[in-house]
Amino acid sequence: MSIEVRVPQLPESVADAVLARWHKQAGQAVTRDENLVDLETDKVMLEVPAPASGVLKEIVIQNGSTVIGGQLLAVIEINALATATPAVLPVAVAVSAPLAPAAPGVGKPGTVSVAAATLPSKGARTEQRVAMTRLRTRIAERLVLAQSTAAMLTTFNEVDMSAVSELRNRHKARFEKAHGVKLGFSSFFIKAAIEALRKFPALNASLDGHDMVYHEYFDLGVAVSTERGLMVPVIRDAQNLSMAKLEGAVSEYARMAREGTIALGDLTGGTFTITNGGVFGSLLSTPILNMPQAAILGMHKIQERPVVVDGKIVIRPMMYVALTYDHRIVDGRESVQFLVSIKDALEDPARLLLQL
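As numbered in numbering that gives the first Met the number 0, residues 0 to 355 make up the sequence shown, in order.
No lab work stands behind these hints: they were computed from the structure. Take the hints with a grain of salt, since some may be wrong.
Unchecked claim - Result set (BS3-like, lysine-lysine): computed pairs, CA atoms no more than 30 angstroms apart in a straight line:
#, residue 1, residue 2
1, K342, K300
2, K311, K244
3, K198, K244
4, K244, K300
5, K300, K181
6, K198, K176
7, K342, K198
8, K300, K198
9, K300, K176
10, K300, K171
11, K244, K342
12, K181, K342
13, K311, K300
14, K171, K342
15, K342, K311
16, K244, K171
17, K181, K244
18, K181, K171
To be verified - Beta-carbon label-pair distances, calculated as ranges:
#, residue 1, residue 2, range
19, A172, E126, 48 to 58 angstroms
20, I312, A172, 28 to 38 angstroms
21, G68, E215, 46 to 56 angstroms
22, K171, Q70, 42 to 52 angstroms
23, E57, T260, 26 to 36 angstroms
Ideal placement from N, C-alpha and C gives every residue a C-beta, glycine not left out.
Using the sequences and the accompanying hints, generate a full structural model.
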């Protein structure tokens, strides 16, 4: 008895996918629910599990091929015996070649999809031509769209992180014991952003044709870097979540994004985005809008610097913050005041409790 393995129904926003990698070869035994093949969309990697146990009788679609929902991928023979020597998996467009380590955004660690390569010779320099993944291609398209569509402008400020750092250090052990999640800086920034967005709703808006859409809820995207590229999971109705829930959501979404198990629905929508280049050591940057959102907040590395406080030079843990905004929707005055509101809330965390 044979069972067909087909491409699962793709989400409405995804037209097709690319067959990235078979985990089994024809003639090998497979187990029910075992991942057979990875399908790469422009947002996430989808796994196709085996519908039943048996032997992978035939592979219909090869690596690198574009597929659509419902398309036949392979055939499994139930109650068949695996061959002693599995058939060699044919490759259509790309081959897998060793490369250590894998560059961020180029498939599985240790491999790279090679479209063409120069064979090494004595004394010769070599190079490899690597096809962009679907996710990397989509990221590139969105970045170019933002650059060519929005009237982007960035304003900067700096935040004295002394108060937040002291508060976090004082309570982080009890916080983790009580809530089962570590207390980071993300929840402070999310809370501060929500209060600033309440005061300046244009930064929580988007442009739809000639209409400005003011969102009366706060679906905050938190940028996560993965080996396949940047993903922005969205925390829905963040205004209703406690700091523990926010920290838990950020941690869980980051884990799922890096493992490739995040759902497409978790990456869509969003009214405002926060990105943190500081985890990689960035001191200052100009983030690019996550279209069609009106603004994005950039966090950076906390670094001790000499600053003047009450006429005296002191050493404080400082962070530069950047706000990139769409000048078609947001005025300069609003953007500057928004960033000042973020600064005030973080330098006096009691404001977050009192919603000041």
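**OP:** Could you grab the alpha-carbon distance between K181 and K342 and see if it respects the 30 angstroms cut-off?
**Re:** Satisfied, since the Cα-Cα distance of roughly 23 angstroms is no more than 30 angstroms.
**OP:** Take the C-alpha atoms of K198 and K244, compute the straight-line distance between them, and say whether it is at most 30 angstroms.
**Re:** At roughly 23 angstroms apart (the allowed maximum being 30 angstroms), K244 and K198 satisfy the hint.
Original post:
When you check the alpha-carbon spacing of K171 and K342, does it fall within 30 angstroms?
Top reply: Holds, at about 22 angstroms.
**OP:** Would you check the hint for K342 and K311, treating anything up to 30 angstroms between C-alpha atoms as holding?
**Re:** Cα-Cα ~20 angstroms, so holds.
Original post:
Quick one: are I312 and A172 within 28 to 38 angstroms, going by C-beta?
Top reply: holds, 33 angstroms
Original post:
Given the hinted pair K181 and K171, is their alpha-carbon gap at most 30 angstroms?
Top reply: holds, 7 angstroms
**OP:** Sort out whether K171 lies within 30 angstroms of K244, counting only the CA atoms.
**Re:** Distance of about 15 angstroms is within 30 angstroms: holds.
**OP:** Return holds or violated for the Cβ distance of G68 and E215 against the range 46 to 56 angstroms.
**Re:** violated, 35 angstroms
Original post:
Does 42 to 52 angstroms hold as the CB distance between K171 and Q70, or does it fail?
Top reply: Since the Cβ atoms of K171 and Q70 sit about 50 angstroms apart, the hinted range of 42 to 52 angstroms holds.
Subject >> Given hint K300 paired with K244 - CA-CA distance at most 30 angstroms >> reply: holds, 24 angstroms
Original post:
CA of K300 to CA of K171, is that 30 angstroms or under?
Top reply: At roughly 20 angstroms apart (the allowed maximum being 30 angstroms), K171 and K300 satisfy the hint.
Original post:
Does K181 pair with K244 here, judged by a C-alpha cut-off of 30 angstroms?
Top reply: Holds: K181 and K244 sit about 11 angstroms apart, inside 30 angstroms.
Against the hints set out earlier in the document, violations occur for numbers 2, 6, 21.
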